[in-house]
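Residues in the sequence shown are numbered consecutively from 1, following the numbering used here.
Just so you know, the hints here were simulated from the structure itself, not pulled from any lab data. Heads up, some of the hints might be wrong.
Restraint-style ranges between C-beta atoms, simulated for each label pair [claimed, not checked]:
no.	residue 1	residue 2	range
1	G83	L49	40 to 46 Å
2	A137	A77	21 to 27 Å
3	D121	K80	23 to 29 Å
4	P56	W20	43 to 49 Å
5	K140	I45	18 to 24 Å
6	P64	E169	19 to 25 Å
7	A137	N33	14 to 20 Å
8	I71	K130	17 to 23 Å
9	N136	R82	31 to 37 Å
With a Cα cut of at most 25 Å, we get these calculated DMTMM-like pairs of lysine to aspartate or glutamate [to be verified]:
no.	residue 1	residue 2
10	K78	D103
11	K140	E95
12	K145	E169
13	K159	D121
14	K78	D170
15	K159	D118
16	K86	D121
None of these values were measured; they are calculated from a predicted model. Beta carbons: idealized from backbone N, C-alpha and C, even for Gly.
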Amino acid sequence: MEIIETRLQKFQGRFDNTGWRIPLVTYDGPKKNWPVLVGAIVFLIGFVLCFHTRQPVYLFVALPGFAFGMIGSLIFAKLKRRGWVKMPAVCVDREIRTIHVPDGVTWSFRLLCRFALDGKDYSVTPYFWKGFISENAINKFLAAKIRDDGNCFLYVNPKNPLQADFAAEDVADKFLH
Numbered sequence: 001m002e003i004i005e006t007r008l009q010k011f012q013g014r015f016d017n018t019g020w021r022i023p024l025v026t027y028d029g030p031k032k033n034w035p036v037l038v039g040a041i042v043f044l045i046g047f048v049l050c051f052h053t054r055q056p057v058y059l060f061v062a063l064p065g066f067a068f069g070m071i072g073s074l075i076f077a078k079l080k081r082r083g084w085v086k087m088p089a090v091c092v093d094r095e096i097r098t099i100h101v102p103d104g105v106t107w108s109f110r111l112l113c114r115f116a117l118d119g120k121d122y123s124v125t126p127y128f129w130k131g132f133i134s135e136n137a138i139n140k141f142l143a144a145k146i147r148d149d150g151n152c153f154l155y156v157n158p159k160n161p162l163q164a165d166f167a168a169e170d171v172a173d174k175f176l177h
């Protein structure tokens, strides 16, 4: 599957890889999350109207817009992962680093994993949603999820095997997969 990148996608790729030794393995997949966009627009309209008119009744527009965006985002994520399969993989490289966020710093990781599906080998950088409060916490987590020989599990989209999530057996895994 050949990926044709737009200028925006190339910029985003450079931005996403800034500071990382392991570059993201890109995949061509769904980019738009319409529930979040609609919810954000409704929220902003309600918030601006409330602020501009000084009438709190417009919060009854803003708050449902926010809720719609949040709930819609979860449902969209669940539907996107429908049919994904849990696969054994081998972690061949890992990188841990701090990420600056508005409240300070969090620790994150990037993995390079390999697996075989339908007789073809794939290398991926699986997605994982959670940040960690310390380097020690992230090392404990990875030690519990990746065996000494590098074996681990991924959730893989069989229609697009470059799209994968790291299997952590946590609440997100139970909801999304």
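Hey, K159 versus D118, does the alpha-carbon distance stay inside 25 Å?
Measuring from Cα to Cα gives roughly 11 Å; hence the hint holds.
A range of 14 to 20 Å was offered for this pair. Does it hold for the Cβ distance of A137 and N33?
29 Å, violated
For the pair supplied as a hint, K140 and E95, is the alpha-carbon distance within the 25 Å limit?
At roughly 14 Å apart (the allowed maximum being 25 Å), E95 and K140 satisfy the hint.
Taking 18 to 24 Å as the stated bounds, is the beta-carbon spacing between K140 and I45 within them?
The hinted range 18 to 24 Å is violated for K140 and I45, with Cβ atoms some 45 Å apart.
17 to 23 Å as the expected CB spacing between K130 and I71, which holds or is violated
Distance hint for I71, K130 holds at roughly 20 Å.
Please test the hint of 43 to 49 Å on the beta carbon pair from P56 and W20.
45 Å, holds
Take a quick look at whether K159 and D121 sit within 25 Å of each other, Cα to Cα.
Holds - the C-alpha atoms of D121 and K159 are around 14 Å apart, at most 25 Å.
Is the gap between the beta carbons of N136 and R82 within 31 to 37 Å?
36 Å, holds
Starting from the range 23 to 29 Å, see whether the pair D121 and K80 falls in it by beta-carbon distance.
Once the Cβ atoms are compared, 24 Å apart, the range 23 to 29 Å for K80 and D121 holds.
Pair hint outcome, K78 versus D103 [Cα-Cα no greater than 25 Å]
28 Å, violated
How does the Cβ-Cβ distance of P64 and E169 compare with 19 to 25 Å: does it lie in that range?
At 34 Å between Cβs, range violated.
Given the proposed pairing of K145 with E169, does the C-alpha separation stay at or below 25 Å?
9 Å, holds
Consistency note: the structure conflicts with the earlier hints numbered 5, 6, 7 and 10.
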